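Read left to right, the sequence shown gives residues 1310 to 1710 (this note's numbering).
There is no bait here: all hints are sound.
Cβ pair distances, simulated, as ranges: (1) ALA1502 x ALA1388: 54 to 64 Å; (2) ILE1441 x ALA1364: 52 to 62 Å; (3) ALA1618 x ARG1653: 24 to 34 Å; (4) LEU1693 x ALA1667: 34 to 44 Å.
Worth flagging that the hints you see were computed from the coordinates, not collected in a lab.
All of these numbers come straight from a predicted model, not from anything done at the bench.
Note that CB positions come from ideal geometry on N, CA and C, so glycine has one too.
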Amino acid sequence: MKLANLTAALLLAGCVSVPAIDPALLPAKADTFREAQRDARTFAAPQAEGAWWRAFNDPVMASLVERSLSANNSIHVAAARLAQARALARSTDAQRMPQLGVGAGAARFSDLSTGQRATTAGTAGANLSYEIDLFGRLAEATRAASLDAQSREALLASTRLLVQAEVVQSYLLLRALDTERALVRDTVTAYRASLSLTERRHAAGDVAELDVARVRTEVAATEAEAIALDRRRVEVEHALAVLVGESASKFQVGERDWDTRLPVIPAGVPSVVLERRPDVAAAERMMRAAQARVGVAKAAWFPSFSLTADGGFASADLGDVFKWSSRAWGVGALLSLPVFDGGRRQAEVERSGAELEAALGQYRDQVLVAFRDVEDQLSALRLLSLQAHAQASAVDSARRT
1310 MKLANLTAAL LLAGCVSVPA IDPALLPAKA DTFREAQRDA RTFAAPQAEG
1360 AWWRAFNDPV MASLVERSLS ANNSIHVAAA RLAQARALAR STDAQRMPQL
1410 GVGAGAARFS DLSTGQRATT AGTAGANLSY EIDLFGRLAE ATRAASLDAQ
1460 SREALLASTR LLVQAEVVQS YLLLRALDTE RALVRDTVTA YRASLSLTER
1510 RHAAGDVAEL DVARVRTEVA ATEAEAIALD RRRVEVEHAL AVLVGESASK
1560 FQVGERDWDT RLPVIPAGVP SVVLERRPDV AAAERMMRAA QARVGVAKAA
1610 WFPSFSLTAD GGFASADLGD VFKWSSRAWG VGALLSLPVF DGGRRQAEVE
1660 RSGAELEAAL GQYRDQVLVA FRDVEDQLSA LRLLSLQAHA QASAVDSARR
1710 T
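Take the sequences, apply the hints, and build the full model.
Take a look at the structure:
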């Protein structure tokens, strides 16, 4: 009766509770973005995830993005980390299964004190062991490893999205540089024509030499600007080569006028946009995994209960090892509980608790960064639209001048 009561008490105490996360510590989600309220335009609903770069309707851009997805080294590293995490999750889960092993051996020995002649003993058998997870230690370890794998999966998606965005941004910058370089080259041609006219006027005594020097200065400064743009284009092209996983010495994107159609970027709502961000999902999974590991550390304070069984054959004569009369077997149960470990278990609980606090802080920071990124881009859309309108007025005035 006393043993039954003790077992029941252990079972009740063994339900190790994973520490709950205070909702007040989690970042609050807003109903809308501030920049979206400032912008009077109506945004479309968020589009489904997928080949979002095809909305630009640029075959060259689409080809570069697809090449990067298959050859980018950062994506390969992230994929390998995911495979590693999944393998670790399977290895952790395997500890909850029965463990079966087989073995065989032979030994030759003699007892000199009795003068017994040397004899040979042979053994062959199998052993079976199984740890009963009374206190949830193995289950929490499995859950933590599974969450780690999910986090790595989200990080892989985040890496892919980051590479896609960098390829698109680099390509658009390349096309913008092509357009700007063409404009500057035309300006150089116009300034050279103006210089030729001014030199003829100076030769005819119509203008002073100072006017010639001023025009020459403008020509030289514009030529220097054109060379700087050439250098900038080469650097962007080399960066694009690294993104697509190719050598910069063999990679080249031909010059072309800007004809890429810029799509309207949907704003959506915070809860939808943030949930679609893989970096936020990865941070959330890492926090949950750290939470599960606190339960694993607490479970170390409770006993571990294992069942063992072995069976096989043993004989002093190798020829009789596999005879039925040489069979042997045994079963057992082991209940173990460390009594004194120098504070190791308590230190592990404190370490896992600190890891949870760090993961929670990283999750909060990642959500805040996500809000900042969305607000930045929405404000950029609004302010760049105003800037484009003002620049168009300046172009009209310059054309008339």
